Each structure stands twice: as C-alpha cells, then as structure tokens.
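2 protein chains.
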Amino acid sequence: MISLAKLQRRIDAGDLSADDSIAQSLEAITAQDKTIGAFVCRAENLRAASDGPLRGIAVGIKDIIDTADFPTEMGSPIYRGYRPRGDAAVVMMLKQAGASIIGKTTTTAFASVDPTPTFNPHNKGHTPGGSSSGSAAAVAAGMVPLALGTQTGGSVIRPASFCGVAAIKPSYHLLPTVGVKCFSWTLDTVGLFAAGVDDVARGLSAMTGRPELLLPPTISTPRIGVVTQDFAGAPEASGEAALRIARRAVEKAGATVRALALPKNVAEAWRAQPVVQEFEAHRALAWEYREHYDAMAPLLRAKLDGSRDTTSFAYDEAIAVATRARQALEKVFDGVEVLLTLSAPGVAPKGLGSTGDARYNRVWTLMGVPCVNVPALVAEINLPVGVQVIARYGADAQALAAARFVEQALAGRISAA
Amino acid sequence: MISLAKLQRRIDAGDLSADDSIAQSLEAITAQDKTIGAFVCRAENLRAASDGPLRGIAVGIKDIIDTADFPTEMGSPIYRGYRPRGDAAVVMMLKQAGASIIGKTTTTAFASVDPTPTFNPHNKGHTPGGSSSGSAAAVAAGMVPLALGTQTGGSVIRPASFCGVAAIKPSYHLLPTVGVKCFSWTLDTVGLFAAGVDDVARGLSAMTGRPELLLPPTISTPRIGVVTQDFAGAPEASGEAALRIARRAVEKAGATVRALALPKNVAEAWRAQPVVQEFEAHRALAWEYREHYDAMAPLLRAKLDGSRDTTSFAYDEAIAVATRARQALEKVFDGVEVLLTLSAPGVAPKGLGSTGDARYNRVWTLMGVPCVNVPALVAEINLPVGVQVIARYGADAQALAAARFVEQALAGRISAA
Chain W
1 MISLAKLQRR IDAGDLSADD SIAQSLEAIT AQDKTIGAFV CRAENLRAAS DGPLRGIAVG
61 IKDIIDTADF PTEMGSPIYR GYRPRGDAAV VMMLKQAGAS IIGKTTTTAF ASVDPTPTFN
121 PHNKGHTPGG SSSGSAAAVA AGMVPLALGT QTGGSVIRPA SFCGVAAIKP SYHLLPTVGV
181 KCFSWTLDTV GLFAAGVDDV ARGLSAMTGR PELLLPPTIS TPRIGVVTQD FAGAPEASGE
241 AALRIARRAV EKAGATVRAL ALPKNVAEAW RAQPVVQEFE AHRALAWEYR EHYDAMAPLL
301 RAKLDGSRDT TSFAYDEAIA VATRARQALE KVFDGVEVLL TLSAPGVAPK GLGSTGDARY
361 NRVWTLMGVP CVNVPALVAE INLPVGVQVI ARYGADAQAL AAARFVEQAL AGRISAA
Chain R
1 MISLAKLQRR IDAGDLSADD SIAQSLEAIT AQDKTIGAFV CRAENLRAAS DGPLRGIAVG
61 IKDIIDTADF PTEMGSPIYR GYRPRGDAAV VMMLKQAGAS IIGKTTTTAF ASVDPTPTFN
121 PHNKGHTPGG SSSGSAAAVA AGMVPLALGT QTGGSVIRPA SFCGVAAIKP SYHLLPTVGV
181 KCFSWTLDTV GLFAAGVDDV ARGLSAMTGR PELLLPPTIS TPRIGVVTQD FAGAPEASGE
241 AALRIARRAV EKAGATVRAL ALPKNVAEAW RAQPVVQEFE AHRALAWEYR EHYDAMAPLL
301 RAKLDGSRDT TSFAYDEAIA VATRARQALE KVFDGVEVLL TLSAPGVAPK GLGSTGDARY
361 NRVWTLMGVP CVNVPALVAE INLPVGVQVI ARYGADAQAL AAARFVEQAL AGRISAA
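Chains as they are written, first to last, in the UniProt record's numbering: chain W, 1 to 417; chain R, 1 to 417.
No wet-lab data here; the hints were simulated from the structure.
Predicted model, so just to flag it, every value in this text is computed and none were measured.
Beta carbons are placed, not taken as given, at the ideal position from N, Cα and C, and that holds for glycine.
Among the hints, erroneous ones may be present.
[Stated by the list, open to error] Which chain W residues stay away from chain R? Per the calculated CB distances, all over 12 Å, these: (1) P217; (2) T221; (3) Q408.
[As the list claims (entries may be wrong)] Keeping only pairs whose Cα atoms sit at most 30 Å apart, straight-line, the calculated BS3-like set for lysine-lysine is: (4) K252(W) <-> K331(W); (5) K350(R) <-> K264(R); (6) K124(R) <-> K6(R); (7) K303(R) <-> K350(R); (8) K264(W) <-> K34(R); (9) K331(R) <-> K252(R); (10) K331(W) <-> K331(R); (11) K6(R) <-> K34(R); (12) K34(R) <-> K331(W).
Take the sequences, apply the hints, and build the full model.
Here is the structure:
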C-alpha cells in the first residue's frame, strides 16, 4: 500500500515531486486494475496541484459522488454517461487541499448491496466488500494513497476490514453529503480509506481544514470498552479472533480495558436502522424506482419491493428509538473513551455473490458516531480482518488517536510501562 | 386565489374534471404571468393524473428543485439549460399523490438574496419577497393552487407574508431535500404555499401520506404564547399591527394567550444562524464559488466573500448553541401549544432591490420547528402582512390546527363561548 504520510514527507523533503507521486498512481492503476476492477473510469494524464497539504496525493472517488470532470454513474445503467454539472462538496474539499482526483471507483448500484465486478486484492476469489468496493480495493492494491467512500449501513468499515486498510466513517455531517447520491439522509456518511490510521487522519484533517484531527505527537493510553454487539448475532471465528487479538494487544500495551454491555436502547436502534434506511430510500430513490424499475439492480429492487409498505408511523418510531439510543450511548462514553468492537463478522465472503454483512456496522451509522477500522489480523487464505474503534459523536480526533493506539499495539510497538 | 380544498371538492363531486382544473391553471398563467414573472418555464399542455388525492392540482416548483421534465436553473446563469436526470424526492411525492407539475417558479440565485424579476401580485411596485419569489407570487396571483419553496433563513414564511398566502415550513426533514440544491444542510427545508391553511394541510398530508396532518373536523382552542423576538430588533408599524390584531382576534375567539420571553439560548441561536448558514454555504457552493466566481450573483458573492474566514471552531460553537437552544425551546412548549409571532418586519419592501428581511424567521429555521404563515391584515397600499404560528419540533399537525384557529379568528368566524 502507499502511505499518504510517507508521500507527504517525501514530497516535502523534495525526494519526490508531486507530479511523480501522481504518475506513480496512474502507473499502478494501469498495471493492476485490469485484474482488480476498482475503477469505473480514470484520468489518463493528471498533474499535481502546486500547493496544499494533499498536493501530489491521488484520490479515488466512489462513483455515487458527483464529479464535473468524470461521469458519475451510481453503479447503475440508469445513470450511464451521466455528467454532473459540478463537483460534490467533498471533491471540492479535496481539491482545495491540493489533492488530484484520479478517477471514479466502483460502487454497488446506489451504494446498496448488488456486487460490482471488483476483486479483493488479497485474494481474488473473494469480494472486497461494499458498497464502497472500488475505493477499498484501490487503496488495498496500492493504486492510490486515499479514496472516498460512503456508508449508510456498513459500506466503509466493512470493505476496509475485508481489504485490510484503515478507514474512517466520521461523525455524521462532519463531511457534507452535498453532491452525493442519497440513499438515506439520516444515515449517509462520507468516509475515507487509506493505508494506516495516520494516513486517514491526515486526509480528513486536510479536507476539513481541522488541524485537531491530526494525530498528536504522543498518543495517550485510552480507556477502552469492548463490546460484542450480541444483538447482531455471533461473529465467525475469524472476526472473533480479530477482536480477541486486538483486545489482548491493547491490554498488553497498558490500556484499561473492560467488557461493556450496551444499553437496551442501542439494541433497539440496531433493529430500527433498516426501517430508517429503507423508508428514506423509497423517497430518495423514488424517481429511479418508479421510472426505471426494470433497470434497477435486482437485490436493491427486491429490498425496495419488500419495504414498500413501511408506514410513516413505523419510521417515526424508528427515529424516536434512534434519538433515545443516542442519549443512552452518550452516557456509555462517560465511562470509557472509545469502544472496541467487530468491523465485520469475519473475512470477506467467497466469490462475488455478496458484499458481506453490515450487521456490526449499522447501529453506529444510525448513532452518527465516528468509527475507525484498524486491520487486526490476516486470517486463513490470506484474508484480512479488522476491528472497529468508536468514539462519542463529534470526537473524531479521539477515535483516530485511539485507533492509532490499537494499530501500534497490534504491531507490537507499544508495551505497558 | 385558487383554493386547493375547493378544487378537490369540485373534482370529487364531478363538478370539475381534473383535466379542466389543470387547464384553468395553464390559462391563468398565460393570462397573468407576463405581468408578474412568477415562472421560469411552464408546461404548454398538461394532463391530470387519473387518481391520487392531488389529481387535478397544478403545482409550481421552485427552480432549485430538480425536475426531469423541466430545466432546473437555480436562478443562476451557471446552471443555464441544466436538465437533471431525475426528479427531486418532493416532486416524486407530489406526482405519486396525483399532482401535475405545471412549471418552475423563479428563485433568487441558489435561494440566496439577489432579487428575481418577479412582482408582488398585490402591488407591482413591490417585491414578492424571496427566495421562493415565484412560488409565493404564483399562488397569490391565483395561477396555481399549490407551490413548493424552500427556506434556509426565511425564504418560505417571508414571501408568504408579503404575498398574503398561507404557507408552511415543516419540521426539519419532514420533507426530504434530496434533489434540492443545497445551501446549508442544517437549515434547508422544503415548504408549501397555498391559499389557506386547510389547503396547505391537504397538500402536505397528501405528499407525505400522513393523514394526521389534515385539519381535524373540530379545531380545539390552543394555548398561545406571543413572542416579539426582541433580539431581532423592532418591527415596522405594519408588522406590529398584524401581530396585535392577530393576538386580539385569538383572545376574542377564546384562546388562552400570554406574552412569553424566549430563553436566552434562543437569542444566542438567532445570532448563530448566519454562522451555520454561511459556513455550510461555502462548502455546499464551493464548486460554483471557485469555478464560476464571475458568474455568481453579486449579493450572494459578497456574502460569501465576507464569510470566507469563518472558522470550523466558530461553526462548531454555533452548532452547539443551536443544540442548547433546541433543548431550551422544548421546555417553552411545555407551557403553551404554539407560539404566535411576526412573519416579517412589515409589508413587502418597495421596488425589486431587496427581497426583504428574514430576521424574524431565521432562528426558527435553525430550531427546525414547524412554522405556518397566516395572512393577518392588508396594510397601506394594498400590501398584506402575515403572522407566524410555531409549534414544537415534529408537531406539524398542531402548528397547522392552531394556524387554522388563528385564520378563522381573524376572519371573525370563531367567538368565545
């Protein structure tokens, strides 16, 4: 993988020109993407910006995010050749920070669950996960140092876990969704993929112009609550192993760790999330569903068919459940700085028939809290598994710092004093 | 004006065909719009839907709301000829309820403050207000029974007050903003204009499929708190008269009325609203501002120039202020069902140099609470002035019912038992 932090250091030191940095990504895509399929379209020639913290950084953009310079096809033939008039807010934030947009990455149709023809770079017999399939795969394969995705259920953290890359789903609305195709306005969140936690932090800090999101020079030892999300069912052996190994590593590194039971309200919110997601999707995708029913991707269409009769009463109830759960979760964070939990049930599923299961992600998207994936182990058949570090709403800096602690603990780079 | 309720009754009774109802609106636009300028573009021929509660109802759509069948030009040459791929969620909600989209109404550029060439139907020497200028004017002139607008500061309630029509800015996100050009994601709210409160309630209920938003057969007598929003400065004589007359009318009609001082937090939120609005606008309109600076409307551009340096710290503070104010406002509604306050400082300003002042609207948009304009008096030079009825977040039905009470009290149709 390409480390954004390393690129920045080499560019700043004059060891690498910003243009050469971009050229390396262009070459990597040419060399690798025919066997991975992470990009829908890409730039042929691309220059670096002359300044900005992300100059020389090539970024892949999930293809539900508007770009004026590339078509934006939403993973659906309904938008074939569609060329937005302008760039999405997050694309402009990248450009203003000096980044270069190198191409559009594959997305399941409208960021739902119909798989794309993208392979997991670690094992091409497996899915990279979704819905941000191409962004996770492009970073994992070392084609780009940074990519944008979006998460409504588990579409950033899950593919990051399957592809062995770091990623953040920031607090709700830290990054604007203006110019991002909507699935659910209560849930949709733009996220970042990069090689490691420091790389993700640098990307997010530069985009938002928030220096407080950079990792501090010294990472303090966090108080960690481990949660297993029993309401979501049991994990597979590899998922369980990842959480166990991460827990052991942070304990060894001196963190205060305790198992936590989540409040009942949070379990209720886990059940409410699909109601919110699908009620809103019926409105957000009403034009596509009514006017282009036959061209809709089959799994998404079946999901919408099955949720047609969700009442506004059920939706209002689900929103009320979410509000109560957010309040209850705030109190959980009075006792611990971050939660440590599963990013996915286990390794990436075999084949390209499914993008995997978002069951350990969806309640956190509804809670709007920042979630960071940290690769934790490489399981059988060369497939990675990550763990998820979660902080309270708005504490993205804390989530990143604690994730860095977990990352370094797993690498054996911290030991208790 | 055309009453939506009356049209529905005539169509249901077979006194008027749904197609003839639409044809009447087409003719009214042909007859009137050359002297009003409410429409950017319009259908030449249009048929009614065969069913749905809004069949036969012609609707004007503010031109920042995406329509697949009409260009969507955002009031700006930057979007000249722009044709979205699909319909906005609210347009689909109208169509699914059986309404017919008759055309696009004028909007200030990106729903900001640069006036459109639209005249107030009551007095063509005056503005209809903005930013939903065309939608308010089209309803006031009797061209359509229903129109959609949006409000970020005061862009629904203010033009409704200036044009003497009923309107609702519903609770935040009761209507989705998917496919609506974003100015500020925390504030932007889609609203409805119609002849009277019952008409507005019928439109909103049909769009959302929520029968609870229809007016009840018997309107109960509300407990009303009158607020003058002193933090926003004093009103003009006509605005003050409107509030005084409305207060006297509801007292005479038997309502319990008392003057209320708003919590200090709400006054702080009033000062915070422009910070939220402009910080977010810099991100939402980043592409336009950076790539089409010269083509930006001058007042909007000057506003953006002046707020370039707003820090994320100031924004975070403003959001925190808003959160505290929402909590404080909830408690105010423990004592009264609705607030009664000014919709605008006074009558519509003279000329087309300004769309008027949103100072009595902006805090309510930030609070996300439902606001209904009720026309209260016709002041000097034939210009109307409205008052604003406000309920707690989510209590749109209560806001509408109380607004109906105010409307009937003003018409002298209720007297205390």
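Hint-by-hint comparison with the structure:
{"no.": "1", "hint": "P217", "in the structure": "holds, 21 Å"}
{"no.": "2", "hint": "T221", "in the structure": "holds, 27 Å"}
{"no.": "3", "hint": "Q408", "in the structure": "holds, 28 Å"}
{"no.": "4", "hint": "K252(W) <-> K331(W)", "in the structure": "holds, 27 Å"}
{"no.": "5", "hint": "K350(R) <-> K264(R)", "in the structure": "violated, 34 Å"}
{"no.": "6", "hint": "K124(R) <-> K6(R)", "in the structure": "holds, 28 Å"}
{"no.": "7", "hint": "K303(R) <-> K350(R)", "in the structure": "holds, 22 Å"}
{"no.": "8", "hint": "K264(W) <-> K34(R)", "in the structure": "violated, 61 Å"}
{"no.": "9", "hint": "K331(R) <-> K252(R)", "in the structure": "holds, 27 Å"}
{"no.": "10", "hint": "K331(W) <-> K331(R)", "in the structure": "holds, 22 Å"}
{"no.": "11", "hint": "K6(R) <-> K34(R)", "in the structure": "holds, 26 Å"}
{"no.": "12", "hint": "K34(R) <-> K331(W)", "in the structure": "violated, 60 Å"}
The structure shown violates the earlier hints numbered 5, 8 and 12.
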